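Trainee: Here's the letter readout for the chains.
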Amino acid sequence: MNKLFTRLLFFIPIALVVFSVNYGIDTGGYFNMFSNSEKIATILLGDKNALTTPTFNLRSVKRQLVKAADKCDLAVLGSSRAFPIGRKTISRNSCLNLALPMGSLVDYLAFTELLINSSGLPQEVMIAPDFWILDDSHKPYMQMEEHYKDYKRMLKRLNLDLGVPNASRSFYATVLAQRLKGAQMAFSFVYFQKILAKIYSTGLTLDSFGGNYIKAQQTEQDYNSKLNTMYPDGSYGRSTLEKNTSTEEAQQALMRRLRMGSGNTFPWFVKFSTISETKKEILKALLTHIPHIEIEGGFPFRLKLLYYKENHVFKR
Amino acid sequence: MFNGHTGMLFNSIEFIFFFPIVVLLYFFSSHKYRWIVLLLSSYVFYMAWEPAYILLILSSTIVDYFAARLIARETQSRIKLRYLLVSLCMNLGLLFAFKYYNFFSDNLRWLFSFLEIDYSVPDSNLLLPVGISFYTFQTLSYTIEVYRGKQPVEKHFGRFALYVAFFPQLVAGPIERAWRLLPQFKEKKDFDYARITSGLKLMTWGFFKKLVIADRLSYYVNEVYADPGQSNGISILVATVFFAYQIYCDFSGYCDIAIGAARVMGFDLMQNFNRPYYSKSISEFWQRWHISLSTWFKDYVYIPLGGNRVRIGRWYFNLLVVFLVSGLWHGANWTFVVWGGLHGFYMVFSHLSSGIRTNAIEVLGLRSKPDLLKVLRVFTVFSLVCFSWIFFRASSVQDALTMIGNIAGCWNQSGSLSDIMAAFTLNRTVPFLLSVISILLLEIYHWIERKNDFWKVLSEQIYLVRWSVYYGLIFAIIVFGVFDESSFIYFQF
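Protein sequence lines, in the order shown, are assigned to chains A and B. Sequential numbering from 1 applies to the first sequence in the numbering used here. Sequential numbering from 1 applies to the second sequence in the numbering used here.
Some hints could be false.
[Said to hold, decoys possible] So the derived list for chain B, only partly shown, Cβ under 7 angstroms to chain A, looks like this:
1. Cys410
2. Ile474
3. Phe483
Keep in mind that the hints were calculated from the coordinates and are not lab data. All values reported here derive from a predicted model rather than from experimental measurement. The beta carbon of each residue, even a glycine, is placed where N, CA and C say it ideally should be.
Isolated chain A, as found in the complex (with noise of 0.2 angstroms):
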């Protein structure tokens, strides 16, 4: 058994190139994270697009967009079917997107807070909820809420200090996800071919370690990029947007979307009393810092209205 085990030792050496290349060469920036964030930021500072990699963290991107950015005009708070909305899109000159994947009312707490201890906070803040942010009931969407104790005892071993009082919980689940992703990724055979195959097509270069694979590009005048890009207000253009698409074609198409995430098709109203503790006290705390939600008058979607007064229905 001893002479079995000695030669199967020597197949270490395979195991640590696949971990090296994986680990040093790392083109998905599975383990730089952070880092990545801080260099996506910049290139967004300075009035430029960014293709980013498949593992970016946008909450860590855009607290760093709110950290240094200047007070802008608009700040925009929802979930990824509000990632379009940005100045184009909207026709602003100063916006500030900070819509999340699965952005629900905890983020639209924690970024409002954010913005006000850093640039202050805008005179107008536009909230596009999806249906589901008041409702418990929608299981599949809340079923991180279960995970928030383990997150919790998980983060503080991992020392991460997020220095926002009321952080999101997808947040701590992403940050997890993406730590046992990384640890899977180190050994991955699949993720060591593409690698390779990045190598091949684009060659070796500096710019490949450490999760570098980030390209910055001159702003685009129109949204006509198919790739996962990111630009300077904190929109992001998923691969929603045909080639040759008029700016009044996106904006109706933003509108679909939106109309969609609000429950245009549901009955959206809801009883004070049927929302969770948890989520009245997030609701009370956000709205002292936006005492009241306008609607948009008009253009170029319209927003749920929310009123808070005790024991009234909120409705449409």
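Please build the complex by placing chain B on the supplied structure of chain A, with the hints as guidance.
Mentor: Just chain B, lined up with the frame of chain A:
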């Protein structure tokens, strides 16, 4: 497909952890309890696909265990036969219910519609349990042999259960016979470095065939066969040859992993493939391809029907029945029936035309050129087998006929050299070349295997050569292997 779950495939991360743990537990446990370790591991392995379906294996195990014991105890052949029929009905009934019911009901529905009979035939939503065709045949061979008096009955329920469910060969064979496998469970297996490394080498070769050759070829094949009407005749021809290698490498790769894994633990499973594409006749092909299945059909269908010890017309009938049933065993689709029927036809025609072929060989003077004759024979058999693979791989008989039409039509088409190359490579030269190179490497291996055992030859080389090959194989798997956990083709049977 069976149940949509990938389960614990050999090329999955779960198996990479599962197998060493089982081997360690096996060797560290006392010989008396090793059957428990293996049996529980086998059930865990199977339940990774669908936990509830363990009940099916258990049902077959229990029924056949008691049926065999009752058969062995009984002296009257009439009553023995009844117990055997219970076993046959139970096992084949389950196979029919899970695998063939919907095929049967679809055809019945068509027939009723054709005859304008207003009767709605219900469908079944039962998912196909993985490996059911294999372990059913394996356990049936046991009861039949006990009935025939050729197999002593196994009184130890645990060992019998292990014979039915032994994980290396549970889901896709080889279909082992009780006289080969059962006694091995009673033998004490010591830790043997040479045997274990031999098993690991075979497993590595199996992974190479599956991940590097078969799964890479599947990209080309799937693209062409997905759209038969639009595919160019040259592409279809190339895809069919690629499929011949894909299915060979996929299935024989699986068997190598299974045989290698069993060998690591000290068990000797039967060889299931013996360079089938080097066959010089269809009859020889079936002695080299899926050997465990063809011998099963020979012993339990062909010979009981009379084999070739009957009138010539009945012999041909027997051949056709065996191959049609064999085709149907592969899947509940007319394409498999046609595939089986084609091979039956090849066998019959081969016999009918033997005189003419012998005369042709004499006339052409090929008798004095044995190497050329051999090459022609091998090429002919390979072409006939490839033609039948078109039906095996196509989604329907209609698609297969369309593809054959496209192949026939491609000789009339004109095109530039670049058009022809594009048809060959599907405009992806590098993957095409990689596929061709991997097939060449396979044939080099087969060439060496003609006269010698490749691994024995390798073990006689110097240290540098041996370890270069081992490292080369593993790096080839890491760099060129497909790791999307694609299942093995024969899992769907």
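Trainee: May I ask you to test the interface hint for Cys410(B) with respect to chain A, counting a Cβ-Cβ separation under 7 angstroms as satisfied?
Mentor: Given a least distance of 33 angstroms, the restraint on Cys410(B) is violated.
Trainee: Given Ile474(B) as an interface hint, is the shortest Cβ-Cβ distance to chain A below 7 angstroms?
Mentor: holds, 6 angstroms
Trainee: Would you settle whether the hint for Phe483(B) is holds or violated, based on the nearest Cβ-Cβ distance to chain A being less than 7 angstroms?
Mentor: holds, 5 angstroms
When each numbered hint is compared with the structure, a violation occurs for hint 1 only.
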